[in-house]
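FYI, the numbering for the sequence shown is -26 to -1, 1 to 326, going by mature numbering (1 follows the signal peptide of the UniProt record, and there is no 0).
There's no promise every hint is true.
Distance windows between CB atoms, simulated [as the list claims (entries may be wrong)]:
no., residue 1, residue 2, range
1, A276, E297, 31 to 37 Å
2, D79, A197, 24 to 30 Å
3, N78, D135, 19 to 25 Å
4, A157, V294, 54 to 60 Å
5, L317, G32, 34 to 40 Å
6, L317, P234, 32 to 38 Å
7, L180, Q43, 20 to 26 Å
8, F143, L227, 41 to 47 Å
9, S125, G153, 30 to 36 Å
10, Y68, L122, 28 to 34 Å
If you're looking for bench data, these hints aren't it; they were derived computationally from the structure. Idealized CB from N, CA, C, for every residue including glycine.
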Amino acid sequence: MFPMMFRALILSVMAVLLPVTGQADALRRANLAGLSGSERLRQFAVGQAILEHRGDPGVAQAMRASLQQSGFYHSGARPGILSRSAQIDPVLAYDANINGGFLNDRFEIFGLSFDIDPSRLALAGMIGGARANGQMRLAYGEGRYLDLRGSVEAVYAPQHDIGRAQAGFEACARNHLRGWSFADLCVTGASSWRALSQDTSGSVSLSFAQLHAGGNSAHEFTAGVSRSLFGATAQNAVSMGWQAVWNRAVTGLEVTLAAPVAGETVMRQRLQGSVSWDARGRAVRLGAWHQLADGGMLLGVARVDRVSGVSLSVQARPGVTVEVMHQVTQSTLSMFDERRSGLSLRFDLGRR
(Lines of atoms letter the chains of each structure in order from A and count residues from 1; the text may use other names and numbers.)
(Lines give C-alpha, C1' and ligand atoms only; values in the text may rest on other atoms or scores of the structure.)
Protein backbone atom coordinates (compact mmCIF):
# COMPACT_ATOMS: atom_id res chain seq x y z
CA MET A 1 0.00 0.00 0.00
CA PHE A 2 2.87 2.39 0.82
CA PRO A 3 4.34 2.54 -2.73
CA MET A 4 0.86 2.90 -4.26
CA MET A 5 -0.03 5.84 -2.02
CA PHE A 6 3.09 7.81 -2.78
CA ARG A 7 2.86 6.94 -6.48
CA ALA A 8 -0.62 8.47 -6.50
CA LEU A 9 0.68 11.50 -4.62
CA ILE A 10 3.54 11.98 -7.11
CA LEU A 11 1.13 11.72 -10.07
CA SER A 12 -1.09 14.34 -8.45
CA VAL A 13 1.89 16.63 -7.97
CA MET A 14 2.90 16.21 -11.62
CA ALA A 15 -0.64 16.93 -12.77
CA VAL A 16 -0.91 20.23 -10.93
CA LEU A 17 2.65 21.33 -11.72
CA LEU A 18 2.49 20.82 -15.48
CA PRO A 19 2.91 24.06 -17.41
CA VAL A 20 -0.25 26.01 -18.10
CA THR A 21 -1.19 28.37 -20.88
CA GLY A 22 -0.24 31.92 -19.99
CA GLN A 23 2.44 33.33 -17.74
CA ALA A 24 2.02 32.35 -14.10
CA ASP A 25 3.88 34.83 -11.90
CA ALA A 26 4.93 35.56 -8.34
CA LEU A 27 1.54 37.11 -7.56
CA ARG A 28 -0.17 33.79 -8.21
CA ARG A 29 2.36 32.03 -5.98
CA ALA A 30 1.77 34.60 -3.24
CA ASN A 31 -1.94 33.79 -3.33
CA LEU A 32 -1.29 30.04 -3.30
CA ALA A 33 1.22 30.25 -0.44
CA GLY A 34 -1.64 30.57 2.04
CA LEU A 35 -2.31 26.86 1.50
CA SER A 36 1.09 25.92 2.93
CA GLY A 37 0.28 26.63 6.57
CA SER A 38 3.68 28.33 6.88
CA GLU A 39 3.52 32.03 7.71
CA ARG A 40 7.15 32.52 6.67
CA LEU A 41 6.68 30.87 3.30
CA ARG A 42 3.70 33.15 2.69
CA GLN A 43 5.82 36.18 3.58
CA PHE A 44 8.61 35.04 1.29
CA ALA A 45 6.21 34.48 -1.62
CA VAL A 46 4.69 37.94 -1.09
CA GLY A 47 8.23 39.37 -1.06
CA GLN A 48 8.86 37.78 -4.45
CA ALA A 49 5.62 39.31 -5.72
CA ILE A 50 6.78 42.76 -4.59
CA LEU A 51 9.94 42.40 -6.69
CA GLU A 52 7.83 41.67 -9.79
CA HIS A 53 4.99 44.10 -9.00
CA ARG A 54 6.74 47.08 -7.43
CA GLY A 55 3.92 49.44 -8.31
CA ASP A 56 1.13 47.34 -6.76
CA PRO A 57 0.14 48.99 -3.44
CA GLY A 58 -1.98 45.99 -2.43
CA VAL A 59 1.02 43.66 -2.46
CA ALA A 60 3.13 46.10 -0.45
CA GLN A 61 0.37 46.55 2.13
CA ALA A 62 -0.01 42.79 2.50
CA MET A 63 3.73 42.43 3.10
CA ARG A 64 3.80 45.23 5.66
CA ALA A 65 0.85 43.75 7.57
CA SER A 66 2.48 40.31 7.59
CA LEU A 67 5.83 41.66 8.80
CA GLN A 68 4.09 43.66 11.50
CA GLN A 69 2.43 40.46 12.77
CA SER A 70 5.92 38.91 12.95
CA GLY A 71 7.28 41.67 15.16
CA PHE A 72 9.48 43.40 12.58
CA TYR A 73 8.11 46.82 13.53
CA HIS A 74 8.39 46.25 17.27
CA SER A 75 10.60 48.64 19.20
CA GLY A 76 11.28 49.19 22.87
CA ALA A 77 12.36 46.98 25.73
CA ARG A 78 8.87 45.98 26.84
CA PRO A 79 7.02 43.11 25.13
CA GLY A 80 4.09 44.17 22.99
CA ILE A 81 0.94 42.29 22.04
CA LEU A 82 0.84 41.68 18.30
CA SER A 83 -2.42 39.73 18.21
CA ARG A 84 -4.81 37.71 20.32
CA SER A 85 -7.94 35.78 19.52
CA ALA A 86 -10.37 33.20 20.84
CA GLN A 87 -13.06 31.20 19.12
CA ILE A 88 -15.37 28.23 19.57
CA ASP A 89 -16.12 25.91 16.65
CA PRO A 90 -18.46 22.91 16.38
CA VAL A 91 -17.04 19.39 15.89
CA LEU A 92 -18.76 16.75 13.78
CA ALA A 93 -17.01 13.55 12.68
CA TYR A 94 -17.11 9.79 12.35
CA ASP A 95 -14.67 8.17 14.82
CA ALA A 96 -13.64 4.52 14.38
CA ASN A 97 -12.39 4.31 17.98
CA ILE A 98 -14.30 6.61 20.31
CA ASN A 99 -13.41 4.79 23.52
CA GLY A 100 -9.75 3.89 22.83
CA GLY A 101 -10.35 0.13 22.61
CA PHE A 102 -9.02 -2.70 20.40
CA LEU A 103 -10.29 -2.77 16.82
CA ASN A 104 -9.89 -6.57 16.52
CA ASP A 105 -11.95 -9.00 18.58
CA ARG A 106 -9.29 -11.74 18.46
CA PHE A 107 -5.64 -12.38 17.65
CA GLU A 108 -3.41 -15.37 16.92
CA ILE A 109 0.08 -16.15 18.19
CA PHE A 110 2.04 -19.41 17.90
CA GLY A 111 -1.02 -20.91 16.19
CA LEU A 112 -3.24 -20.20 19.19
CA SER A 113 -6.30 -17.95 18.97
CA PHE A 114 -7.24 -15.55 21.76
CA ASP A 115 -10.48 -13.58 22.14
CA ILE A 116 -10.46 -9.96 23.30
CA ASP A 117 -12.73 -9.04 26.20
CA PRO A 118 -15.83 -7.48 24.53
CA SER A 119 -15.72 -4.61 27.03
CA ARG A 120 -12.26 -3.67 25.67
CA LEU A 121 -13.30 -3.46 22.01
CA ALA A 122 -13.41 -0.20 20.08
CA LEU A 123 -16.72 1.56 19.56
CA ALA A 124 -17.31 3.47 16.32
CA GLY A 125 -19.89 6.08 15.43
CA MET A 126 -20.70 9.73 14.89
CA ILE A 127 -19.47 12.26 17.41
CA GLY A 128 -20.45 15.86 17.96
CA GLY A 129 -19.27 18.59 20.27
CA ALA A 130 -17.20 21.75 20.38
CA ARG A 131 -13.61 22.95 20.23
CA ALA A 132 -12.31 26.13 21.87
CA ASN A 133 -9.07 27.75 20.71
CA GLY A 134 -7.11 30.68 22.05
CA GLN A 135 -4.00 32.45 20.74
CA MET A 136 -1.76 35.32 21.79
CA ARG A 137 1.38 36.66 20.14
CA LEU A 138 3.88 38.83 22.06
CA ALA A 139 6.81 40.61 20.40
CA TYR A 140 9.99 40.82 22.50
CA GLY A 141 12.40 42.05 19.83
CA GLU A 142 12.52 43.03 16.19
CA GLY A 143 11.41 39.95 14.25
CA ARG A 144 11.17 37.95 17.49
CA TYR A 145 7.96 36.95 19.19
CA LEU A 146 6.35 34.44 21.52
CA ASP A 147 3.45 32.40 20.16
CA LEU A 148 1.04 31.06 22.81
CA ARG A 149 -1.75 28.70 21.77
CA GLY A 150 -4.21 26.53 23.66
CA SER A 151 -7.18 24.34 22.76
CA VAL A 152 -9.84 22.22 24.44
CA GLU A 153 -12.18 19.79 22.70
CA ALA A 154 -15.07 17.74 24.06
CA VAL A 155 -17.35 15.47 22.02
CA TYR A 156 -20.18 13.05 22.70
CA ALA A 157 -21.40 9.92 20.90
CA PRO A 158 -25.14 9.50 21.58
CA GLN A 159 -25.19 6.06 19.94
CA HIS A 160 -22.96 4.67 22.72
CA ASP A 161 -23.64 7.28 25.43
CA ILE A 162 -19.93 8.00 25.86
CA GLY A 163 -17.67 10.95 25.19
CA ARG A 164 -14.04 11.88 24.85
CA ALA A 165 -12.01 15.02 25.42
CA GLN A 166 -8.60 16.44 24.71
CA ALA A 167 -6.61 19.55 25.56
CA GLY A 168 -3.28 20.96 24.46
CA PHE A 169 -1.00 23.96 24.52
CA GLU A 170 2.00 25.25 22.58
CA ALA A 171 4.49 27.98 23.45
CA CYS A 172 7.04 28.89 20.78
CA ALA A 173 9.78 31.52 20.77
CA ARG A 174 10.18 32.39 17.10
CA ASN A 175 13.33 34.27 16.16
CA HIS A 176 14.57 35.98 13.03
CA LEU A 177 18.32 35.42 12.66
CA ARG A 178 19.31 37.22 9.47
CA GLY A 179 18.04 37.42 5.92
CA TRP A 180 15.50 34.63 5.54
CA SER A 181 16.93 32.44 8.32
CA PHE A 182 14.97 31.66 11.49
CA ALA A 183 15.20 29.60 14.69
CA ASP A 184 12.33 28.38 16.89
CA LEU A 185 12.24 26.93 20.39
CA CYS A 186 8.93 25.28 21.28
CA VAL A 187 7.34 23.56 24.28
CA THR A 188 4.11 21.59 23.86
CA GLY A 189 1.81 19.54 26.05
CA ALA A 190 -1.32 17.49 25.39
CA SER A 191 -3.75 15.21 27.21
CA SER A 192 -6.58 13.03 25.93
CA TRP A 193 -9.30 11.18 27.79
CA ARG A 194 -11.31 8.26 26.45
CA ALA A 195 -13.44 5.66 28.20
CA LEU A 196 -10.66 3.03 28.08
CA SER A 197 -7.51 5.14 27.93
CA GLN A 198 -5.90 8.33 29.10
CA ASP A 199 -2.71 9.76 27.58
CA THR A 200 -0.47 12.68 28.45
CA SER A 201 2.48 13.86 26.38
CA GLY A 202 4.86 16.77 26.05
CA SER A 203 7.81 17.87 23.95
CA VAL A 204 10.64 20.37 23.65
CA SER A 205 12.01 21.14 20.18
CA LEU A 206 14.57 23.35 18.49
CA SER A 207 14.28 23.93 14.75
CA PHE A 208 15.84 26.07 12.04
CA ALA A 209 14.28 27.34 8.82
CA GLN A 210 15.83 28.74 5.64
CA LEU A 211 13.90 30.15 2.68
CA HIS A 212 15.10 30.33 -0.93
CA ALA A 213 13.79 31.37 -4.32
CA GLY A 214 14.20 28.95 -7.20
CA GLY A 215 13.00 30.00 -10.63
CA ASN A 216 9.20 30.07 -10.59
CA SER A 217 8.98 28.76 -7.02
CA ALA A 218 9.62 29.55 -3.37
CA HIS A 219 11.06 27.03 -0.91
CA GLU A 220 11.29 26.59 2.86
CA PHE A 221 13.72 24.04 4.31
CA THR A 222 13.54 23.08 7.98
CA ALA A 223 15.60 20.88 10.29
CA GLY A 224 15.11 20.23 13.97
CA VAL A 225 15.65 18.10 17.03
CA SER A 226 13.10 17.25 19.71
CA ARG A 227 12.65 15.40 22.96
CA SER A 228 9.20 13.96 23.64
CA LEU A 229 7.74 12.67 26.89
CA PHE A 230 4.99 10.05 27.09
CA GLY A 231 4.26 9.49 30.76
CA ALA A 232 7.58 8.22 32.17
CA THR A 233 9.01 7.54 28.69
CA ALA A 234 11.34 9.95 26.87
CA GLN A 235 12.34 9.81 23.20
CA ASN A 236 14.68 11.90 21.05
CA ALA A 237 14.06 12.59 17.36
CA VAL A 238 15.39 14.54 14.39
CA SER A 239 13.31 15.82 11.49
CA MET A 240 13.79 17.50 8.12
CA GLY A 241 11.14 19.18 6.04
CA TRP A 242 10.67 20.94 2.72
CA GLN A 243 7.75 23.02 1.51
CA ALA A 244 7.51 24.68 -1.88
CA VAL A 245 5.10 27.04 -3.60
CA TRP A 246 4.86 26.53 -7.35
CA ASN A 247 2.75 28.29 -9.97
CA ARG A 248 -0.17 25.91 -9.50
CA ALA A 249 0.30 24.11 -6.20
CA VAL A 250 1.97 23.87 -2.81
CA THR A 251 3.94 20.72 -1.95
CA GLY A 252 5.36 19.44 1.31
CA LEU A 253 7.61 16.60 2.43
CA GLU A 254 8.82 15.71 5.94
CA VAL A 255 11.03 12.92 7.30
CA THR A 256 11.34 12.07 11.01
CA LEU A 257 13.77 9.60 12.61
CA ALA A 258 13.39 8.76 16.31
CA ALA A 259 15.47 6.82 18.83
CA PRO A 260 14.32 3.46 20.24
CA VAL A 261 12.88 3.20 23.76
CA ALA A 262 13.57 0.01 25.71
CA GLY A 263 10.46 -2.05 26.33
CA GLU A 264 8.11 0.41 24.58
CA THR A 265 6.51 0.44 21.14
CA VAL A 266 7.30 3.87 19.73
CA MET A 267 7.46 5.59 16.35
CA ARG A 268 10.92 5.17 14.79
CA GLN A 269 10.51 6.46 11.23
CA ARG A 270 7.91 8.60 9.53
CA LEU A 271 7.61 9.93 5.98
CA GLN A 272 4.75 12.19 4.97
CA GLY A 273 3.98 14.22 1.89
CA SER A 274 1.22 16.49 0.64
CA VAL A 275 0.11 18.55 -2.33
CA SER A 276 -2.42 21.40 -2.12
CA TRP A 277 -4.02 23.45 -4.86
CA ASP A 278 -6.86 25.82 -5.60
CA ALA A 279 -9.77 24.24 -7.46
CA ARG A 280 -12.05 27.04 -8.63
CA GLY A 281 -11.70 28.93 -5.39
CA ARG A 282 -11.77 25.87 -3.13
CA ALA A 283 -8.69 24.66 -1.29
CA VAL A 284 -7.90 20.97 -1.91
CA ARG A 285 -5.24 18.95 -0.10
CA LEU A 286 -4.07 15.39 -0.75
CA GLY A 287 -1.77 13.79 1.82
CA ALA A 288 -0.04 10.44 2.35
CA TRP A 289 2.12 9.03 5.14
CA HIS A 290 4.02 5.91 6.15
CA GLN A 291 5.28 5.19 9.65
CA LEU A 292 7.32 2.44 11.29
CA ALA A 293 7.01 1.74 15.01
CA ASP A 294 8.79 -0.96 17.00
CA GLY A 295 9.84 -1.98 20.50
CA GLY A 296 8.15 -4.07 23.17
CA MET A 297 7.17 -7.73 23.13
CA LEU A 298 4.13 -9.91 23.78
CA LEU A 299 4.59 -13.56 24.75
CA GLY A 300 8.13 -13.40 23.36
CA VAL A 301 7.14 -11.92 19.99
CA ALA A 302 8.69 -8.55 19.09
CA ARG A 303 6.17 -5.95 17.98
CA VAL A 304 6.72 -4.05 14.73
CA ASP A 305 3.93 -1.87 13.29
CA ARG A 306 3.84 -0.40 9.78
CA VAL A 307 1.21 2.28 9.30
CA SER A 308 0.21 3.75 5.93
CA GLY A 309 -2.52 6.26 5.24
CA VAL A 310 -4.01 8.74 2.79
CA SER A 311 -6.27 11.75 3.28
CA LEU A 312 -8.18 14.17 1.10
CA SER A 313 -9.65 17.46 2.27
CA VAL A 314 -11.80 19.89 0.28
CA GLN A 315 -13.04 23.30 1.32
CA ALA A 316 -16.80 22.97 0.98
CA ARG A 317 -17.36 26.66 1.73
CA PRO A 318 -15.47 29.40 3.60
CA GLY A 319 -14.89 28.15 7.14
CA VAL A 320 -15.99 24.55 6.43
CA THR A 321 -13.68 21.75 5.23
CA VAL A 322 -14.64 18.13 4.51
CA GLU A 323 -11.92 15.53 5.10
CA VAL A 324 -11.83 11.79 4.44
CA MET A 325 -8.98 9.46 5.42
CA HIS A 326 -8.05 5.80 5.32
CA GLN A 327 -5.26 4.16 7.32
CA VAL A 328 -3.92 0.60 7.44
CA THR A 329 -1.75 -0.86 10.20
CA GLN A 330 0.17 -4.10 9.63
CA SER A 331 1.74 -5.54 12.78
CA THR A 332 3.77 -8.59 13.72
CA LEU A 333 1.10 -9.05 16.42
CA SER A 334 -2.27 -9.58 14.75
CA MET A 335 -4.20 -7.92 17.59
CA PHE A 336 -2.79 -4.59 16.40
CA ASP A 337 -3.63 -5.07 12.70
CA GLU A 338 -6.31 -2.61 11.70
CA ARG A 339 -7.97 -0.73 8.90
CA ARG A 340 -9.77 2.45 9.75
CA SER A 341 -11.53 5.15 7.78
CA GLY A 342 -12.69 8.55 8.91
CA LEU A 343 -14.94 11.38 7.79
CA SER A 344 -14.98 14.78 9.44
CA LEU A 345 -16.21 18.31 8.98
CA ARG A 346 -13.71 20.92 10.15
CA PHE A 347 -15.19 24.26 11.09
CA ASP A 348 -13.31 27.53 11.38
CA LEU A 349 -16.12 29.97 12.02
CA GLY A 350 -13.73 32.68 13.14
CA ARG A 351 -12.40 33.05 9.58
CA ARG A 352 -14.79 34.10 6.89
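Checking against the hints above, which ones are violated? 2, 4, 8
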